[in-house]
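2 protein chains.
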Amino acid sequence: MRQAGRYLPEYRAIKDRFGFWEMVRTPEIAAEVTLQPLRRFDLDAAILFSDIMTPLTSAGIQIEFNPGPCVTTPIRSHDAIRRLRLPHRSAIAPFVVNTIKMVREESVRPLIGFAGAPLTLAAYLVEGGGSADYGVLKRWLHDNTPAAHDLLRFLSDLTTRYLHLQIEAGVQAVQIFDSWAGIHSVRTYDEFGLPYLKQILAALDGTGVPRIYLAVGAAHLYRQIRTLPIEVISVDWRTPLDECRTLFPGKTLQGNLDPALLLASSKVVTEETRRTLRQGLGGPHIFNLGHGVLATTPPDNVARIVDIVHAYTRTEDDVL
Amino acid sequence: MRQAGRYLPEYRAIKDRFGFWEMVRTPEIAAEVTLQPLRRFDLDAAILFSDIMTPLTSAGIQIEFNPGPCVTTPIRSHDAIRRLRLPHRSAIAPFVVNTIKMVREESVRPLIGFAGAPLTLAAYLVEGGGSADYGVLKRWLHDNTPAAHDLLRFLSDLTTRYLHLQIEAGVQAVQIFDSWAGIHSVRTYDEFGLPYLKQILAALDGTGVPRIYLAVGAAHLYRQIRTLPIEVISVDWRTPLDECRTLFPGKTLQGNLDPALLLASSKVVTEETRRTLRQGLGGPHIFNLGHGVLATTPPDNVARIVDIVHAYTRTEDDVL
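Listed in order, the protein sequences are those of chains A and B. Residue numbers are given in this note's numbering: position 215 of the first sequence equals residue 215, and the series is strictly consecutive. If you want this note's numbering, it's the 1-based position in the second sequence plus 320.
Just chain A, same shape as in the assembly:
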């Protein structure tokens, strides 16, 4: 999950001086922010500091942060979609390439790259920003099905190029964030989500880079998600890991402590971290939060869970 952020005073110090896009687009700043959590905590991997909307700007789409993404001109018409041009790989986000190289030079820890899932990107593009019910998106998908597929195909092609670019630049794993998958019915996800994820993930076959997929609030989609060509399934806090183990045979599980519990007392943080570790026994498990660190998280609680995870010894209960 996102590791950098407002809960870190050193992040706020940078955020006070620069706009969000300026931070993302300036490799020195983006690399520094990527590394901030690693300087403070004994983490086992870094995740690139960027945003899922980053590659879209190279296709001429204007996006601001306020603080969530706002698309200046929502993309809904056939014309707007026809005008979208797939940028050459080198034009997508050259600053990301430089950020990745700088992080790799500065740190020996594995670096995770990422992208947004096409259907989640489309949610922002069509709505123009976040929404309580995503009614505009859902109506649009159903009333403009051919245009919707054109947009999703474009987003898949762009994402595939963007992830290849990150892998070439040096990321050692990639994660696809499908933050809004959970708002959709099984049928909508089947038609507008799954095929494009499969296309992107299959295009990464043979790169040797582990593929991680995260869908939030998506327990109803797990039967479909298990068909994705991924090495790692990242699960939010809703379903316990031992249950996820049965749902995703052969996959490495990533997760799944509720980030909200990092706001609680050290006793609760300790208990819940240990519970997550216990529930992750029975197969490969990458300890992580179920979603990004909340802005009000005390950094000491992050330090505490890193210590607990590193001190944890797999017991004989572990059926690995």
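Hints were generated in silico from the structure; no laboratory data involved. Incorrect hints may appear among the rest.
If the Cβ cut is set under 10 Å, some of the chain A residues that face chain B in the computed set are [stated by the list, open to error]:
hint	residue
1	Val-136
2	Leu-137
3	Trp-140
4	Gly-206
5	Thr-207
6	Asp-258
7	Leu-263
8	Arg-275
Just so you know, even glycine gets a beta-carbon here, dropped at the ideal spot from N, CA and C.
Starting from the known structure of chain A, fit chain B onto it as the hints suggest.
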């Protein structure tokens, strides 16, 4: 689900003249608003116009709408919880009793009463309103477990009295709305949600009134929800009804058209309504939306689905 609302011009005409609490607390207005959808559409039942926060005001809790509920003084301390006094049944919401009586006199259609689930009510009381991540609520539940159980016990007792009051006044079914159940992990729901729901629902045993339960975005909790003593499980649009049929043996299913699809063309509305009806075959099914009608819904699309449902004939595929 909620049937009245801003999508109806006749509702907006009333809303322009009165505050929300004034509408809820004036039986003539609340009864009129309850009946508005029945005057316009050939619906098979009415649902009381009120709010899940209604009974809380009788316990001295100040709530405003802006437009979601805002609790003036969030309830988090042991003292605040100790000060909560369970009102006598007749003091909880006398205006609701009068509204129910007026609706029953004016309409022969069955009337559904409702209440909020304790854990969903607690979400608003502890956070002070809606929230993106409910971090304050989750921290509070874990850091103040005994106080949390005191609050939830109070809310269960209040809800039990409130539902008995509605049944005595004449409602012919009751629905418990657990709008925020889905944000919780299986474990949190197990400790803070399920026992209180069971207490309320068991207390309605023998009233002869069907009990309906709705949890939103809660597919990960369905294994627990199936243990509730209810006659009807109301499901949102995420999981298709034929799958829900297997998950909830012996229950009547209610749902589950995505309210966002009512924003789409009449072709889409027709197709998706028929699909929902087909997927509901195989057992008792109360056609409904998966959640409340959205404010931007064209009333004609509501009329259309009512017509389609009434014209639908169960086929030989129906294994009832």
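Status of the hints after comparison with the structure:
1. Val-136: holds (8 Å)
2. Leu-137: holds (8 Å)
3. Trp-140: holds (9 Å)
4. Gly-206: violated (34 Å)
5. Thr-207: Since the shortest Cβ distance to chain B is 32 Å, the answer is violated.
6. Asp-258: At about 6 Å, which falls below the 10 Å cut-off, the nearest Cβ of chain B leaves the hint on A/Asp-258 intact, so it holds.
7. Leu-263: holds (4 Å)
8. Arg-275: holds (8 Å)
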